[in-house]
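Undergrad: The residues making up each chain are set out below.
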Amino acid sequence: MRKVSEVFFQVWDFYYNGFRNMSSWGKQVWIVILIKLFILFFILRFFFFPDFLKTNFKTDQERGNYVLEKLVEPKNQ
Amino acid sequence: MLDAIDFTLVNWSRAQFALTAMYHWIFVPLTLGLGILIAIMETLYVKTGNEDWKKVTKFWMVLFGINFAIGVATGIILEFEFGTNWSNYSWFVGDIFGAPLAIEGIFAFFMESTFIAIMFFGWKKVSKKTHLAATWLTAIGANLSALWILVANAWMQYPVGMQFNPDTARNEMVSFWDVLFSKVAVFKFLHTTSSGFVLAAIFIIGISAWFILKGRHLAFARKSIAVAAIFGFVASIYVAFTGDSSARGVAHEQPMKFASFEGLYNGSEGAGLIALGFMSTTNTDPSNENLMDMNMKIEIPNILSYLAYLNWNAFVPGVNDLVYGNAKYGIMSSEEKMKRGRVAIAKLREFKDAKKSGNTELASQLKTEFMSPDFQKNYFKYFGYGYISDPNFLIPNVPLTFYSFHTMVILGFYFILFFFLAFLFVIRGKLVKKKGFLRLAIWTIPLAYIAQQAGWIVAEVGRQPWVIQDLMPTMAAVTKISSSTVQVTFWMFFVIFTLLLIAELKIMFRQIKIGPKMDGGNK
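These protein sequence lines are chains A and B, in that order. If you read the first sequence in the working numbering, its first letter stands for residue 1, the second for the next number, and so on. If you read the second sequence in the working numbering, its first letter stands for residue 1, the second for the next number, and so on.
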């Protein structure tokens, strides 16, 4: 148990010091990454890119039936 | 059947996917190639103990980090689009697409995030050999991540190793190994990743050339160019071989795409390869605006037949042979394929109706008939043709495919020559004096990106109208949503991607201007 916690703190220390001593370019790209991830997952995903089948149908059976309907009746598309 | 389909929606959905994929592909090839080159440079440092190699490695590692950071997660948007814009397709492909993408996600996240951290944070924390191992594993991990994406893409071009289940309306994987090791997947992976090696080598030579022209960091630049020129030369020859094998696979499995590569309208025995050609703006066939006459072409006789079938006199089918059929060479007409596709759709519709009405006995019988090897081979194989009402719709955009293919190939041969000259000038010690070549090296960087994007246009535009070859055309794959929604998100992406690209270029150019931290400064 003690060894596990030691390893955990070593890993923590590795990442903590790595981020703490990061160069200016590193900080800049992390800002870009965080902004990008926020836009992707909290704006685009929620408001513009819902999963059509998951949002509109509860079970895989319903999703399968819907797609089957669409595949055989292209006029409905 | 096409009358009720909203082509504005289909085209905007395609445009959005193309924009996202092409933007994502700005970053990926540099990551794939630069990772390997950094690992080679660090290996030289560990083997020789020369601190200059460490500084060379660290400089290119910074540019690798910037490129990786800006590119990371841009591919996730493609998965969003699958769920929102292409839900019929997403469901239809089932676990075939899901399994490789899931492996890629888990693999990439754990492998790359762990070893990249050691690469950047671990210089003073771990031993030289451990650090080197982390750098190699980052490079290999990035390339293996690409493998899963390319396997999924290859399956769309050459669907194998699966069976369609009418009950679930999904394709189910029956052989993971057939999907992973299909000839299209193998050559697509080798060709695509090695083209990334070429781009990265050009990137390094171009930036190093800029340092030499500025009279800065000459020792660093010479070292970088020496490694990149050798690596790039080998990689560019390898790209030519894998490209040849890849094109042969296309000739066999996607003959319409292959005919579009060459603007070959009427097939012939001993077909010639167009080394250089320009299309006019007049049509050979008024019924299809895609078929343009050649204004000028330089053709090498018999080469196309050999490249496609390893036989100088083999028959290579043209667009018209594939549309109208050619009994002499056993090529089925599109009309016949469309009839068979309609039979497959009708059988599926009967099954659906029987199931819906609760007639389980009839549904079971229809399912058995549908799944029979004979029906699969003679009808389901052409399932997607059942959605097509005009055979001309089966012809991709020939001019765009033709020019993209020839741009890619011509640039590929130019890159071989370019690397050869770079290496020659380095070993003769004349590189610093070759100002013209150094300027050319800088301008070769955008050419490498053009070749990359042209490659994707060839692969993706050339296979139209198919989202899954012969099984599902784009118009059957889209979700019925408002086309204006897709237009809005298209322009949103355009703005976001442009801003991100500007941010990357600014950060990257600043680091390039700062340059490597070498002892002896400009010597």
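Since the hints were made in silico from the structure, they are not lab data. Some hints could be false.
To be verified - FRET-style restraints, in silico, Cβ to Cβ: (1) A/48 <-> B/174: 20 to 30 Å; (2) A/31 <-> B/123: 44 to 54 Å; (3) A/61 <-> B/488: 27 to 37 Å; (4) B/499 <-> A/56: 47 to 57 Å; (5) B/8 <-> A/60: 27 to 37 Å.
Here the structure is a predicted model, which means the values were calculated and not measured. Glycine residues also receive a C-beta, built at the ideal position from the N, C-alpha and C atoms.
Undergrad: All hints, please: hold or fail.
TA: Okay, the hints, checked on the actual structure:
At about 36 Å, the beta-carbon gap between residue 48 of chain A and residue 174 of chain B misses the expected band of 20 to 30 Å. Checked against the hint of 44 to 54 Å, the pair residue 31 of chain A and residue 123 of chain B fails, with Cβ atoms roughly 23 Å apart. Our hint of 27 to 37 Å for residue 61 of chain A and residue 488 of chain B holds, since their Cβ atoms are close to 33 Å apart. Take residue 499 of chain B and residue 56 of chain A: their Cβ atoms lie about 33 Å apart, and the range 47 to 57 Å is violated.
Distance hint for residue 8 of chain B and residue 60 of chain A: a CB-CB separation of about 31 Å, consistent with the stated range 27 to 37 Å.
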